[in-house]
Every structure is written in C-alpha cells, then in structure tokens.
Amino acid sequence: MDRRCVAIGDSQTEGLWDGDDVGVCGFADRLAARLDALHPGLQYANLAVRGRRVADVLGDQLPRALSMRPDLVTVCAGMNDTIRPGRAFEAALAPKRPALRSVR
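Residue numbers for the sequence shown follow the UniProt record's numbering, so the first one is 1 and each next one is one higher.
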C-alpha cells in the first residue's frame, strides 16, 4: 500500500543551506528517502518555502497538504517569526494552535 508524506514549513524544511556532495537536500527530503527505502512506493511532496512564517505555513501550506490526504505531515517552522523584531514566537503560534491540532 502506497503511503503519502507531505512536508510543510520554511527554509529549514525546504532544505536551504543543507547541501552535501550531491546538492541541496533538506531533512524532510532525507526523511522521505529513508521512509521510501523502508517501505517502497512513498508519495512525497515538499511544499515548504523559504521565508515563510507560522501563519503562512499553517494558513496556506497546511490546507494544501491535508488536501493530499497524507499519512504523515512534517512541520518545521517558526524561526522567521522569532527573528523579526517585536515578534514573540508564542504570540505568533497561539492563534494557529487549532490548525496544528487538526494534523493529529
């Protein structure tokens, strides 16, 4: 049975700066490759875009990810919320907690 995995997030999920001898390959891509090696036939999509904030990830990427009916969704985002002056991570995340719970 084929499984579906979708990665959402910012540059960390996209794989920016995660190069090796064969090119850019972020943690989500590496995880998908490992999962496919264990259970061949994995369908995988990486929807992550560098620079996105939690609101972007959960408001735009999460609905697209869920529409793909995945068995697994990886979420890695928040650094862009914390590095902008005047923005606290908790304040950025609080209104999005219900969306995160929908992934469970």
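Just so you know, the hints here were simulated from the structure itself, not pulled from any lab data.
Keep in mind that a hint or two might mislead.
[What the hints assert, rightly or not] Result set (SDA-like, lysine to any residue): computed pairs, CA atoms no more than 20 Å apart in a straight line:
1. Lys96 <-> Leu66
2. Lys96 <-> Ser67
3. Lys96 <-> Ile83
4. Lys96 <-> Asn80
5. Lys96 <-> Thr74
6. Lys96 <-> Tyr44
7. Lys96 <-> Leu42
20 Å Cα cutoff - pair lysine 96, isoleucine 83
holds (18 Å)
Between the alpha carbons of lysine 96 and leucine 42, is the straight-line distance 20 Å or under?
violated (29 Å)
Taking only the CA atoms, is the gap from lysine 96 to serine 67 under or equal to 20 Å?
Since the Cα atoms of lysine 96 and serine 67 sit roughly 18 Å apart, the hinted pair holds (cutoff 20 Å).
Pair hint lysine 96 and asparagine 80, alpha-carbon separation not exceeding 20 Å:
holds (15 Å)
For the pair supplied as a hint, lysine 96 and tyrosine 44, confirm whether the alpha-carbon distance does not exceed 20 Å.
Distance ~24 Å between lysine 96 and tyrosine 44 Cα, so the pair is violated.
Check the hint pairing lysine 96 with threonine 74 against an upper bound of 20 Å on the C-alpha distance.
Between lysine 96 and threonine 74 the Cα gap is close to 16 Å, so the pair holds against 20 Å.
Given the hint that lysine 96 pairs with leucine 66, test it: the Cα-Cα distance must not exceed 20 Å.
holds (15 Å)
This entry does not satisfy hints 6 and 7, going by the numbered hints stated previously.
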